[in-house]
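S.K.: Protein chains in written order, with the numbering used here: chain A, 25 to 299; chain B, 24 to 579.
To be clear, the hints were calculated from the coordinates, so they are not data collected in a lab.
Remember, it's a predicted structure, so these values are computed and weren't measured experimentally.
A hint or two may mislead.
[Claimed, not checked] Covered stretches of chain B (chain A as the covering partner; in silico rule of three or more C-beta atoms under 8 angstroms from a C-beta of chain A): (1) 345-351; (2) 407-417; (3) 422-436.
Glycine residues also receive a C-beta, built at the ideal position from the N, C-alpha and C atoms.
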Amino acid sequence: MDSSAVSTEHLTRTFGKLVAVQDVNLRVAPGQFFGFLGPNGAGKSTTIKMLTGLLAPTTGRIEILGLDLTANPVDVKRQIGVVPEGMALFGRLTGAEYLNFVGRMYGLDRETAAKRTAELLDFMQLSGQPKSLVTDYSHGMQKKLALAAAVIHGPKILFLDEPFEGVDAIASGTLKAMLQRMISHGATIFLTSHVLEIVERLCSHVAIIHQGRLVAQGSLEDLRAGVEAQAPEPSAPGEPAVAPARNGEKLTLEELFLRIVGGTRLADQELSWLG
Amino acid sequence: MTDEHSNEAPALASAQFAAIARVRWQIFINSLRSIRGRMEAVSRGLVGLWFGVGGLGGGAALGFAAAFFIGHGHVEWLAFLLWPIFLFWQLFPIIATALTETFDSSNLLRFPLSYRSFFIVRLVYGSLDPATAMGSLWLLGLFVGITVAKPLLFLATAAVLVLFGAMNLLLARTIFAWLERWLAQRRTREIMGLIFFLIIVGVQFIGPITARFEHHSHAQAAQYGEALLPVERVLPPGLAAASIAQFSRGNFTYGLAPLLLLGVYAVSFFWLFHVRVLAQFRGENLGESAAAKPASRARKLPVRAGWEIPFVSGPTAAIFQKELTYLTRSGPMLFTLLMPIVILLIFRVTPGKNGVNTFMNVAPNFAFPVGAAYALLMLTNLIYNNFGADASGVQFWFVSPARLREVVRAKNLVHMTILAAEMVLVWIAVDLMFRTPSLLYTIATIAAVLFAAPINFAIGNLLSIYSPKKIDFGTFGRQRAASATAFSALLVQAGIFGIVALAFVVGVHLHNLWITTGVLLVLAVFAFVGYAAVLRHIDTLALTRRESLIFELSKA
């Protein structure tokens, strides 16, 4: 295909009659902090699962770092780090044992795996309970451990499925610092998140998937320009357009998102029993 | 009983009960959408039928026995009938809980259920189990038998048996509720698992111990019986029997006293159950999540490098270490692995009838093969559900750069290592308990294991992918493999043991055990070729099945 870090061609996935992802053509350039957005059930998780080898595409092609994922799964996986939806932790290991294990699974030698484990535990502030099993960790601690495991081998691309879900502000700050550091070292990050403020703050590029189809892709500025160029006129006198741009202010990602997926805030709609 | 919403309309409570019943029914109906769910339903139906037959048959037998005792003037002997009912009612649910999934009623607490409703749900739903059904049927049989033999006892028997049944129900629920409390936390759960295992092992020794007592004189046995009698009389079955006995003699006052005491038991259990349910209703927090400690208070330990295993790649060594670490953190699982030794011990201490010793004592040469076979059998749960303990961690195998065949081979290597270690232990145990296994039998047994293990691994690897089930080594309950897996494993083991037994029979018959060894080694070559073929295709199979594998093992 091309020199993209991640690229897909006509990526499609069906579950029986349901088309979860349809004809998706993604391009993520190396070094980008890429946000993959979409409403619930749009196909975000299905796409990220296909990109990381957790799910087979029905049709289409995936290239990661120039390698065909189906033909070279091991070579691809060696160069990527993944925090999947369920975090994929082994609950009955301690944090140190888990990181050590993951490091060796990615081919690190014993000493390097142990050294990086210690560093990561310190960085993620997880070294305080060396004997606690992962199953006894809080949700935030598990997220930090999952991220530590995903980066222990120094991946070129990091795939994160909802990395900030259920994470408190302190842990979230640690995660963001780590991700920024990786970007500054030339890594590519591909994340999905429902928290648009975080995506707006972190990501340079985004793609939006809606009902299984890719409806927008590009830098935030590109998306803004595209949306503003197509800003709909009010449909009736006195009725505001959906999420209007404020005078002189840029559209926020949330406003862009709502315009692109055609969603509206249902604040004015009534529920029969609430009045 | 505290009612925190005493003004709740009874209509709301009835609607809630109906909604709960309906949702349970819907869950059942939805479970039938999958083949696996339908198979589970059929197996439950068969088990239910078996319990039904047991309940009705047992009830009839107890009825006849009760009528016989009453007819022959031995009303006190009813205690002999009430004790088994009592023990079954209390012990069976505990054992069954270790094997089945139960409805977690604490989920209902987010709804506006009054305490009274919650209490009733806990009592009623928990009571819809085979023990209650069979216990009730048995008491009904007893009631019919007694009243047929002596119609005048109709009312008194009804009162005593209803109270006895209610007491059993409450005690069973109380035990369950408190067990649930202890099982809610990992550490207490593991302790409970060990206690449960020790009880199971202890039960195995009842046979040998009673067999030993058979050799004691009747006078001695009577002495023991008399010493225990005062204790027996104040326990619920003894009280129920005493009450009916007194009523049958027309001593109403003396009949009421044990009945009242039985009532005291029932009320006490009711109160203990209430204490537990109320704590749950008020939202007790049994969470175990570790809170992050401030760095200043953190007690760091140096991170040790992983294992290095000669001739084995780094990832394989890492998987090997991970699997063994998992096993060593599971008390119940470790004790399961000790079972072959326990079984040998049971054979050793069981005296035979008429001076003839048990099979193992008569043919000690077979102690080692039987012990080795048992060791393999004990590993079935692990071998046939390779990914079960990984739970949602199974995703890691698909995102990591390791090939699935490498993962599965490492897991098989761990199981083979455990099997080898078990065989060494069994050999030593046989040497100490029976006699040193002969070289010929030792070699033939090793050949048998070399034949049996690859077949088990090959089929186990396939079933691990096609019929996975999440298990938690830290829990003593719900550790069963999927029904389809258990059934297939049973068939495979039956076939393998049949072939091995045949090979031994031929060898023993021809007085040449080298024939057995030779045949088994040839079969082992074929078994290994089959294993290698399965392993070659495991990546393709696992990738085809990855979605269902991940889905099944990531279930909450």
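S.K.: A separate judgement is required for each hint: does it hold in the structure or not?
M.R.: Hints and how they fare:
1. Counting residues of the stretch 345-351 of chain B whose CB lies closer than 8 angstroms to any CB of chain A gives 3, which reaches the minimum of 3, so the coverage claim holds.
2. A count of 6 residues in the stretch 407-417 of chain B with a Cβ less than 8 angstroms from any Cβ of chain A is obtained; the coverage claim is therefore met, three being the minimum.
3. Coverage of the stretch 422-436 of chain B by chain A holds. Counting CB-CB distances below 8 angstroms, 5 residues qualify, and the rule asks for three or more.
Taken one by one, the earlier hints all hold for this structure without exception.
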